[in-house]
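Engineer: Assemble the complex: chain P is given as a structure, and chain U must be docked to it using the hints.
Order-wise, the sequence lines are chains P and U. Each residue of the first sequence is one higher than the last, beginning at 835 in my numbering. Each residue of the second sequence is one higher than the last, beginning at 835 in my numbering.
What the hints contain is simulated information worked out from the structure, not anything from laboratory work.
Heads up, the list lumps identical chains together, so a pair's fine if it works in one copy or across two of them.
Each computed DSS-like pair below joins lysine-lysine, with the alpha-carbon atoms no more than 25 Å apart:
#1 LYS1071 - LYS1114
#2 LYS993 - LYS1141
#3 LYS974 - LYS1114
#4 LYS1087 - LYS974
Number of protein chains: 2
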Amino acid sequence: MAMEGEGEGKEVPEVLVLGPPWVFSTLESQFPNKFRYLKPWLFPQLPLHQFLTSYAQSTQALLMPVIPLLNSATLDCLPSLKLVVTASAGVEHLNLADLRGRGIAVAYAGNVFSEDVADMAVGLLIDVLRKVSAGDRFVKQRLQPTKLHFPLGSKLSGKQIGIVGLGKIGTEVARRLEGFGCTISYNSRTKKPLVSYSYYSNVHELATNCEVLIICCGLTEETRHMINREVMLALGKDGVIINIGRGAVIEEKEMIRCLIEGEIGGAGLDVFEFEPEIPKQLFTLDNVVLSPHAAITTHESFGGMAKLAVENLEAFFSNKPLVSPYLA
Amino acid sequence: MAMEGEGEGKEVPEVLVLGPPWVFSTLESQFPNKFRYLKPWLFPQLPLHQFLTSYAQSTQALLMPVIPLLNSATLDCLPSLKLVVTASAGVEHLNLADLRGRGIAVAYAGNVFSEDVADMAVGLLIDVLRKVSAGDRFVKQRLQPTKLHFPLGSKLSGKQIGIVGLGKIGTEVARRLEGFGCTISYNSRTKKPLVSYSYYSNVHELATNCEVLIICCGLTEETRHMINREVMLALGKDGVIINIGRGAVIEEKEMIRCLIEGEIGGAGLDVFEFEPEIPKQLFTLDNVVLSPHAAITTHESFGGMAKLAVENLEAFFSNKPLVSPYLA
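Excised from the complex, chain P in its bound form (with noise of 0.2 Å):
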């Protein structure tokens, strides 16, 4: 089942792509040959399972994004497997004592997302306090200039921020809002050294202390539903969340509540509990900013993490250590 690749009439390794990731037709169209591509969704009739037993058992690599899970049913199906390239800076979906049980290695996107996100977080960010895109709606659907006035915003020069998760993107959001003259907090696991934000050992107490909160932490054991409703409360009624981070970081329904009640300013939110499902009582508040997981969804961000993918697909399969490994 050889295909003409780069090496005329050689074959090239083959790789078992899951989903497919949003990234997967970037990377395909920029390296066409590079590998073979086994792609399951062009077998629709084909249950996943029985499609991986017949096609895949010699398959050694598998390129996925960060939806669905990759279960242990999934991996039971892929004998050969010896190395998962998943196209998130997240893990959230990886069973990764399974994986490493099973020897198998992990890459992933590292910090190609990272200043995307962060711009993401930044506009998401202006666009609450500000009314950007209400004011979109507004202008558009104003057909006749009125003597109506679009209600005032907030500032967002001076405010009060608390980042959650100070990473890589959480820095990059850090560096951009101090540009705006913000003052920021941070919460993470534990203190920076070489940091001069202030620091909150929990995040309530940053909460307290802050007009902002933007979530930039990925989603462990610990940080599920870390935002509740306490928290909500403590950033109180003119408060906003921008999460770019993972949705269930945040009680999602408790979110809605306080949102709807008042008890927190407003949201902008880029990822949700439950995606691809987004709550529908989110759709008709004023006050929330909704983006279908695009943070990272620029044609550099996305020529950037093809690349990357590529990079450790090859350096795998010429034994060579991974560009960014998550589990080497």
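Structural biologist: Same frame as chain P, but now just chain U:
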């Protein structure tokens, strides 16, 4: 016709309010008794010149927004006028030579709005590049999750930004975008000695060397239609224009043509050439984000402007120097 004022029983000075400026409701609620406000709009059956001739013959101070023009016919009806307070950073609606000739001073917004305007410029830029309001629409209109993907955006970090007019607002915009890892260049009448950004003495050259133009200058005879078809073609088909300065700095008809024909990549517009009219052709363009001249409309800026207007009026009525004079 005295009203209960701060000094009980004392007659408070009279201020004519034209427009009224958007900020006036904030001002009046914060300072209800500081002045006696003359409000022609409460007499819609009375032509303005007749209102002025009947009620404003001894009026010394005028508060107004940037629209409409303050023409000499209006000034002729105000023989006692000595001060115009405009609730705007721009003064293109005032004939300064005429005012000077009549011995009328002008106070303006100074830098009260600069941070908010700069925040909005960045917000519009992120929105155009990263499709924030389009994403919000996409989510809210998509009632069932589908496999349909939202189109990719363009990365802000690292972009070449051209600032047109490096005054207070332009400088604030530049400072913010440095935090995003952008490279800043600028055009202004003269090179700023203490600024390290690349200077281009003409805007065409700036456009040739940049991916984004942000219009931060005021409207003068020199800047009117400065952004013409040639400048837009130099910016190029992926280029983005943000305008938070004044609409007429751009040749609007040409910009619309360039947007429709893909000769530039997108635009984020808070101001328009013939406000309050906004060309309807812009309403259907996916690559355009529109804002209802809302770059200054925050509670904080309105509070600041109300305070500044009152301080100028108080200074004037106590024969002290104006706090933010444009023409003293």
